[in-house]
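Protein chains: 4
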Amino acid sequence: MAMVCLSDFEAYAKKYLPKFAWDFFAAGADDCNTRDENILAYKRIHFRPRMLRDVSVMDIRTKLLGTEISFPVGIAPTGFHQLAWPDGEKSTARAAKAMHTCYIASTYSTCTLEEISAAAPGGFRWFQLYIHRNRAVSQELVQRAEALGFQGLVLTADLPYTGKRRDDVRNGFCLPPHMKLKNLEGAFEVCKMNPSFHSLLDPSVTWNDIYWLQSLTHLPIIIKGILTKEDAELAVRHGVQGIIVSNHGGRQLDGAPATIDALIEVVEAVQGRVEVYLDGGIRKGSDILKALALGAKCVFIGRPALWGLAYKGEEGLQDVLRILQDEFRLSMALAG
Amino acid sequence: MAMVCLSDFEAYAKKYLPKFAWDFFAAGADDCNTRDENILAYKRIHFRPRMLRDVSVMDIRTKLLGTEISFPVGIAPTGFHQLAWPDGEKSTARAAKAMHTCYIASTYSTCTLEEISAAAPGGFRWFQLYIHRNRAVSQELVQRAEALGFQGLVLTADLPYTGKRRDDVRNGFCLPPHMKLKNLEGAFEVCKMNPSFHSLLDPSVTWNDIYWLQSLTHLPIIIKGILTKEDAELAVRHGVQGIIVSNHGGRQLDGAPATIDALIEVVEAVQGRVEVYLDGGIRKGSDILKALALGAKCVFIGRPALWGLAYKGEEGLQDVLRILQDEFRLSMALAG
Amino acid sequence: MAMVCLSDFEAYAKKYLPKFAWDFFAAGADDCNTRDENILAYKRIHFRPRMLRDVSVMDIRTKLLGTEISFPVGIAPTGFHQLAWPDGEKSTARAAKAMHTCYIASTYSTCTLEEISAAAPGGFRWFQLYIHRNRAVSQELVQRAEALGFQGLVLTADLPYTGKRRDDVRNGFCLPPHMKLKNLEGAFEVCKMNPSFHSLLDPSVTWNDIYWLQSLTHLPIIIKGILTKEDAELAVRHGVQGIIVSNHGGRQLDGAPATIDALIEVVEAVQGRVEVYLDGGIRKGSDILKALALGAKCVFIGRPALWGLAYKGEEGLQDVLRILQDEFRLSMALAG
Amino acid sequence: MAMVCLSDFEAYAKKYLPKFAWDFFAAGADDCNTRDENILAYKRIHFRPRMLRDVSVMDIRTKLLGTEISFPVGIAPTGFHQLAWPDGEKSTARAAKAMHTCYIASTYSTCTLEEISAAAPGGFRWFQLYIHRNRAVSQELVQRAEALGFQGLVLTADLPYTGKRRDDVRNGFCLPPHMKLKNLEGAFEVCKMNPSFHSLLDPSVTWNDIYWLQSLTHLPIIIKGILTKEDAELAVRHGVQGIIVSNHGGRQLDGAPATIDALIEVVEAVQGRVEVYLDGGIRKGSDILKALALGAKCVFIGRPALWGLAYKGEEGLQDVLRILQDEFRLSMALAG
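Chains as they are written, first to last, in my numbering: chain D, 1 to 336; chain S, 337 to 672; chain G, 673 to 1008; chain B, 1009 to 1344.
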């Protein structure tokens, strides 16, 4: 089976992953309208391609908050990589480093931050944070990440509670016995993902907690989950360095807009004061180009990274990134 | 089979109800365009979700004409609950009371108003009225309802004649021998639902009959079936206390607008002078939130209540309401 | 099999008619986009239904150029009724008379005008005319029709050449040996429908030929096939008495607009100076009401009449008309 | 199997061509959205058909840069005709000449320009050019074409690199051993189509190279692949004689607009200063009429020509052209 485009990796993952794991990665909230819209919305956007421009040399590198990456695609934070590949987040870290891009490691990793760092020393990484009711847990995570050389803190803002993903409820989703939420070991007795686990998160977090985070760390703060100009304005005013336009892959509020649609108003509101990124629905190189044309500095991939891992671990993820890189470069050339 | 969302109850009801009963509950007029539009219209409405708001405590209670209910979902009037569950409307009344919400009992109940009252004493109930050619029948029903403690009178305005539901015609729909339109016993010789039964209703009813109703009772009058700003204005002028934006579940005029679309102009016309509710197409918590965001004080569920009854009587209906309550609370949190 | 709605007759006709005949009646030009749009366009039009109006008595009669019909649905001109039922147009004439409506007999009838007249004496009929290269043929037809008591002349304007109906080409469509274009017997040696037959029609007909027709007859002239305001204006200026907005059932120019969409601009252009009718896509009572609400005085049915004939001859056609009548009356009541 | 419309030829070609060849001809870039949009866009365009015009005589001839063709449909440049029929481009040339229309021979022909010329002496032909990194190769091709009597030079502007056609990658598409890119023999050691072959093209070509081309030849230059008003303006300013609005059949940048949609802005920008043509999505006569109504002087067919070749070589291609001609003439008549 030739792996020609990202759909091939999707088909592979669907075929070879255990059903409960595939369902967990694929899940969207409720009827999955937002999850599907993330992809469909790109079809409604057309290029105005320009011809006869010299496209013999193209520079597709970019910088995230000053750090260069090889092309404008990073790895979005997703949990439980060991469900996709035995080495889990260690493989993800190695692939991201090999491809010279940014990997946002999730609080819900099945490897410790220390293991992730050791697996790919010197890699460009950000750390994704959920704020727990027990603030000491969150504080400790932030400080471990900073100490380990993570270069940014990504605060997920759209999960005060977990969205309702029907298949996960039906499957009674929980981690297999040999996997743990390793970064939270010690903090909580049961380091297992299960329906009650998310209730350890604090639904009372507000914009003021950005100040609290700033007091804990020198790392730049990127806020993830913004979908409106009003919240974009608030984010800028509270001193974040970046915004990830995201609807959590359509896994939280079904009925939220497609991210590529929300991007437009966020970019307009932000007026270049902070960097704006996007995740959700990126499946081919032209999607990346559309997001950049509409003002994103970079996009992040979630599910496609997991499909790559499911295919062949770090090699598979590199394949996914390489395909996107080639397609992106080609789209740029063809669009002039 | 796990009952995770309302579609699960629908599938159950379709599988286990007798075909003629399923067809009757599911029926829409003609090509069922309006019935289906009621649901599809929600997909076209997107949230503008806000982040980092304190959603740790949420109050989802509301009041209908001054009476508190636990969350903004009531039971719309539908007929023949014994087709779904042996205890019929008695179960419905018990479930509504247990969930602290409002149940609108139909003229076409298969239990008497007295049985319904006795089954759940003290429950919050409204009575739905059709006006018969023989006005004495209607008058007697209104006065029985008032005497029994029903707290509101819901006048159905969109059924001068019954809509054409093709499957009912094909099935020759009528009630089984052991069921009766019990509230009309004595009033009519044949208390059976059949094609000619509806001809006992009065198609000459006009707005002036609102005054007649007001002369019969002290109960507040809620008018059900309004879809235009013109009729909303007339309703307010004739002194009703509430409006239910409804197209009778798409069972009457095929080609009528989806209720969530009609809601907007009704709310704008009413300008808060009376309470506005909606039924039709509510299938998940985010639908409720959309209706409320567009100005409804509360929504009512019709078919989903019947699916709940078909599943496990009052327990099943409570399950349906509890799922909607959880989903609504979650949607509110996730939308900020 | 209960015949509840027009689709039931369609299914019957598809099942029991010979394939070549079904294909001929069902055919649309090219990809059948316009044929299908005729029906789909109604779905995009929503009512604004009004409530609490006295709908106990409704008068659904109307007049076509002064002659009363029982409800605003007539029989559009279609050819070759013997393909649907042995008695052919004689049955059509009897059904139309029984239902007190107007039947537009086609030039391409398989019964003579005389047979049609004799079958239902005193019926309200118009005669549909194609103008032949040999004008004497057309003149003779017009004068026979007038002499026989036909009350109007319907000039088809949209068939200078026949549209390309792929299935007819594939089937090598022609009439069976025992059927003839009886009205043209004597005029042409071969009274058989075949690919070359239509070449007897005159593609050089222009608006001036309206004057020629007017010189031949005292009958009012109705022009069929108008789809634009420009042509509607020309029709009025040339002194026609009525306009049928039609795209020939989508059988001529694929890509022409749906008739219900074209109706709006024609009605606006005509400003009541002549009567405007419509054919194409009428499948249920609410379609009729939509067309009337948008300015049509009456609609005509083509294929549904043939399905009725195919079901049970004149009885079947009466069934079709009666269903439409009931549905139309109900839609009127429900829309207030 | 009757060949009634172009879809019949498509079905034939799909059935009888080797899979790799069918896939190559059918391929679109990425998800094939643009390829499919080319066709779907015509469905959204409706005629405003006019009636009672004298359509007995119609002149469907037109001129391309002064040279008359029998009707406004030419043969777009496509490669590798021997994949469709053993005689390859020689058959194409013969069919085009027989039908008195223009054939644009591709650089990637499997016959030499000399063979093409000899096969149909005196035929009206243009030569399609890719500019190679080795400019001497391109220069030699231009001068051979001019010497052989080709009457125009079509510069393809939208292929600095080849689009990603997934099936071609999966099939490892390359020419069979007995076929060659004959026009490039001698210029390159390997005259085989393969993934690296296109890298011989020069992605640094810019508008200035139009001047270089003009210095090489007296032939008029037509630029192919323009989709925006900005590029149309540049084309006019650089002195081209014609523009082909094209997205390379949806084979290059997925997400480019349908050509019929792009045509409108190009025509408006050009204001008649040069001739504007279109290719992409033409499948029936009414498509041609829509393109002409929107300002195209002529359209070109790509895949349908190949299907015609696959059916019966030059006879098959003539069949395709004749069907389009008949359908176009009929559409003109029916649209008035």
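Worth flagging that the hints you see were computed from the coordinates, not collected in a lab.
Being a predicted model, the structure only gives us computed values, none of them experimental.
Backbone N, C-alpha and C define an ideal beta-carbon position, used for all residues, glycine too.
Be a bit skeptical, because a hint or two may be false.
[Stated by the list, open to error] In silico SDA-like links for lysine to any residue, alpha-carbon gap of 20 Å or less:
id : chain 1 : residue 1 : chain 2 : residue 2
1  : B       : K1027     : D       : A293
2  : S       : K565      : G       : A965
3  : S       : K565      : G       : G1008
4  : D       : K43       : B       : N1041
5  : D       : K43       : B       : D1044
6  : D       : K43       : S       : R380
7  : B       : K1051     : G       : R994
8  : B       : K1051     : G       : N705
9  : B       : K1237     : D       : A293
10 : D       : K43       : B       : G1344
11 : D       : K19       : S       : M337
12 : S       : K379      : D       : T217
13 : G       : K715      : B       : K1051
14 : S       : K379      : D       : A2
15 : B       : K1027     : D       : V4
16 : G       : K769      : G       : G1008
17 : S       : K379      : D       : A41
18 : G       : K715      : S       : R384
19 : D       : K229      : S       : M337
20 : G       : K715      : S       : D372
21 : D       : K19       : S       : R380
22 : D       : K43       : B       : K1051
23 : B       : K1051     : G       : R725
24 : G       : K901      : B       : R1058
25 : S       : K379      : G       : R725
26 : S       : K565      : G       : R722
27 : G       : K715      : S       : M337
28 : G       : K901      : B       : D1044
29 : S       : K565      : G       : R725
30 : D       : K229      : S       : A338
31 : S       : K379      : G       : K715
[Claimed, not checked] Chain G regions said to be covered by chain S (calculated; three or more residues, Cβ under 8 Å):
id : segment
32 : 673 to 681
33 : 709 to 719
34 : 882 to 890
Hint-by-hint comparison with the structure:
A threshold of 20 Å between alpha carbons decides the hint, and for K1027/B with A293/D the separation of about 37 Å lies outside it, so the pair is violated. At most 20 Å may separate the alpha-carbon atoms for a hinted pair to count; K565/S and A965/G meet this at roughly 19 Å. About 14 Å separates the Cα atoms of K565/S and G1008/G, which keeps this hinted pair within 20 Å; it holds. Between the alpha carbons of K43/D and N1041/B the distance comes to roughly 7 Å, so the proposed pair stays at or under 20 Å and holds.
At roughly 12 Å between alpha-carbon atoms, K43/D and D1044/B fall within 20 Å of each other, so this suggested pair holds. For a cut-off of 20 Å, the pair hint linking K43/D to R380/S stands: about 17 Å separates their Cα positions. Annotation: proposed proximity of K1051/B to R994/G is violated, straight-line Cα distance about 36 Å (limit 20 Å). With a CA separation close to 7 Å, the supplied pair K1051/B and N705/G stays within the 20 Å bound.
Pair hint K1237/B plus A293/D holds up; C-alpha atoms about 19 Å apart against a cutoff of 20 Å. For the proposed pair K43/D and G1344/B, the alpha carbon gap of about 36 Å is over 20 Å, so the pair is violated. With a C-alpha separation of about 17 Å, the suggested pairing of K19/D with M337/S holds against the 20 Å cut-off. The hinted pair formed by K379/S and T217/D fails the criterion: a straight-line CA distance of about 42 Å is larger than 20 Å.
Only pairs whose Cα atoms come within 20 Å are accepted, and K715/G paired with K1051/B is accepted, the gap being roughly 18 Å. Distance check on the hinted pair: K379/S and A2/D sit about 37 Å apart at the alpha-carbon level, beyond 20 Å; violated. Distance hint between K1027/B and V4/D is fulfilled; the C-alpha atoms sit about 18 Å from each other, no more than 20 Å. Restraint check for K769/G and G1008/G: not satisfied, since their Cα atoms lie roughly 30 Å apart, outside the 20 Å limit.
Between the alpha carbons of K379/S and A41/D the distance comes to roughly 14 Å, so the proposed pair stays at or under 20 Å and holds. For the proposed pair K715/G and R384/S, the alpha carbon gap of about 29 Å is over 20 Å, so the pair is violated. Between the alpha carbons of K229/D and M337/S the distance comes to roughly 43 Å, so the proposed pair goes past 20 Å and is violated. With a CA separation close to 12 Å, the supplied pair K715/G and D372/S stays within the 20 Å bound.
Between K19/D and R380/S, the direct Cα distance comes to roughly 31 Å. Violation of the 20 Å bound is thereby established for this hinted pair. At most 20 Å may separate the alpha-carbon atoms for a hinted pair to count; K43/D and K1051/B meet this at roughly 18 Å. Simply put, K1051/B and R725/G have alpha-carbon atoms about 42 Å apart, too far for the 20 Å limit, and the pair is violated. With a CA separation close to 10 Å, the supplied pair K901/G and R1058/B stays within the 20 Å bound.
Proposed proximity of K379/S and R725/G is contradicted: the alpha carbons are some 33 Å apart, above 20 Å. Distance check on the hinted pair: K565/S and R722/G sit about 10 Å apart at the alpha-carbon level, within 20 Å; holds. Of the supplied pair hints, the one linking K715/G and M337/S is violated, its CA atoms being roughly 37 Å apart against a limit of 20 Å. Between the alpha carbons of K901/G and D1044/B the distance comes to roughly 33 Å, so the proposed pair goes past 20 Å and is violated.
Simply put, K565/S and R725/G have alpha-carbon atoms about 16 Å apart, close enough for the 20 Å limit, and the pair holds. Only pairs whose Cα atoms come within 20 Å are accepted, and K229/D paired with A338/S is rejected, the gap being roughly 40 Å. Proposed proximity of K379/S and K715/G is supported: the alpha carbons are some 18 Å apart, at most 20 Å. Judged by the Cβ-Cβ criterion of 8 Å, the segment 673 to 681 of chain G is covered by chain S as claimed, because 3 of its residues qualify and three suffice.
Residues of the segment 709 to 719 of chain G lying with their CB closer than 8 Å to a CB of chain S number 5, which satisfies the three-residue condition for coverage. For the segment 882 to 890 of chain G, the stated coverage by chain S is not satisfied: 0 residues place a CB nearer than 8 Å to a CB of that chain, which falls below the threshold of 3.
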